[in-house]
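*Asks:* Sequence:
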Amino acid sequence: MSKVAAVCHSCSNEVSGHQICCQGYCSAVFHLKCSGVSESLLAAVDGNRQVFWMCRSCTTMLLDMRHRKSVHSAFMSGQESLVDTHSQSVAEMKSELTELKAEIRSNFASLKNSNSLTPTSSRRPGDNPDLRKKLFHDKLEPKKQSQPLLQGTGNPVSPSFSSMLVAAPTPKFWLYMTRISRTVTVDQVTKLAVERLGVQDVEVTRLVAKGKDVNTMSFISFKIGMDTSLKEKALATSTWPQ
1 MSKVAAVCHS CSNEVSGHQI CCQGYCSAVF HLKCSGVSES LLAAVDGNRQ
51 VFWMCRSCTT MLLDMRHRKS VHSAFMSGQE SLVDTHSQSV AEMKSELTEL
101 KAEIRSNFAS LKNSNSLTPT SSRRPGDNPD LRKKLFHDKL EPKKQSQPLL
151 QGTGNPVSPS FSSMLVAAPT PKFWLYMTRI SRTVTVDQVT KLAVERLGVQ
201 DVEVTRLVAK GKDVNTMSFI SFKIGMDTSL KEKALATSTW PQ
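UniProt numbering applies: residue 1 is where the sequence shown begins, and numbers increase by one.
There's no promise every hint is true.
[Claimed, not checked] Keeping only pairs whose Cα atoms sit at most 27 angstroms apart, straight-line, the calculated DSSO-like set for lysine-lysine is:
hint : residue 1 : residue 2
1    : Lys223    : Lys210
2    : Lys172    : Lys101
3    : Lys33     : Lys69
4    : Lys191    : Lys172
5    : Lys94     : Lys172
6    : Lys233    : Lys212
7    : Lys191    : Lys223
8    : Lys210    : Lys172
9    : Lys223    : Lys233
10   : Lys191    : Lys212
11   : Lys233    : Lys172
12   : Lys231    : Lys191
Just so you know, the hints here were simulated from the structure itself, not pulled from any lab data.
This structure is a prediction, so every number in the text was calculated from the model and none was measured.
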């Protein structure tokens, strides 16, 4: 199917070569010579979208004030129609959201009621005579007193029985040392305490939380247990190295 050739709106002849199109209301095509537009002006029109050319008829219509008002009224009517359509769509969306919100609340309420295994009793605990009797009985029942430890006053026990007894723990003074390198071991701290305190009976414990990876710690701490007579010496700054 062959393409229909454009016809000049001024001379009614076929348009070939340079041509120009009215950018007003008619969009008619004209020979460049029939429009009165020079090639330099055509280049300016084609190179700038804000510059456009209209034929004489469209120019006359544009300059007519009544026509301009009609065009403006039609444009504003279309804008109002667009705003009304948008407002209606927003209102419908809000209505759907409100219905959805109400449905979700209803479903939550149904789920909450279905999870109630037993109905709420209208009777108070005090209305139950058996319960009142039990509470009253519990209040009257005397509290059981713990029996005091019996101190023996009989003859000394035999050597065989003495081996069954656990000696009372000896009171100790505990010295806490912190900001110790994480590579230091209990044996190293024990050796240091024995040398500085001049005794063999020391107890060293590394203070690290159970399951804690020492490699993730900046430093560790120790506590050293000793006889209470060594408290003053243990607290002296001259006892320990700088």
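*Asks:* If a hint holds in the structure, say so; if it doesn't, say that too.
*Replies:* Status of the hints after comparison with the structure:
For the suggested pair Lys223 and Lys210, the alpha carbons sit about 16 angstroms apart, so the restraint of at most 27 angstroms is met. Pair hint Lys172 plus Lys101 does not hold up; C-alpha atoms about 68 angstroms apart against a cutoff of 27 angstroms. Our distance criterion of 27 angstroms between C-alpha atoms is broken by Lys33 and Lys69, whose separation comes to about 33 angstroms. About 19 angstroms separates the Cα atoms of Lys191 and Lys172, which keeps this hinted pair within 27 angstroms; it holds.
A hinted pair counts as satisfied when its Cα atoms are at most 27 angstroms apart, and Lys94 with Lys172 does not qualify at roughly 76 angstroms. Between Lys233 and Lys212, the direct Cα distance comes to roughly 33 angstroms. Violation of the 27 angstroms bound is thereby established for this hinted pair. Simply put, Lys191 and Lys223 have alpha-carbon atoms about 14 angstroms apart, close enough for the 27 angstroms limit, and the pair holds. With a CA separation close to 24 angstroms, the supplied pair Lys210 and Lys172 stays within the 27 angstroms bound.
Between the alpha carbons of Lys223 and Lys233 the distance comes to roughly 16 angstroms, so the proposed pair stays at or under 27 angstroms and holds. For the hint linking Lys191 to Lys212, the alpha-carbon distance of about 25 angstroms falls within 27 angstroms, and the restraint holds. Our distance criterion of 27 angstroms between C-alpha atoms is met by Lys233 and Lys172, whose separation comes to about 14 angstroms. With a C-alpha separation of about 18 angstroms, the suggested pairing of Lys231 with Lys191 holds against the 27 angstroms cut-off.
Of the numbered hints listed earlier, those contradicted by the structure are 2, 3, 5, 6.
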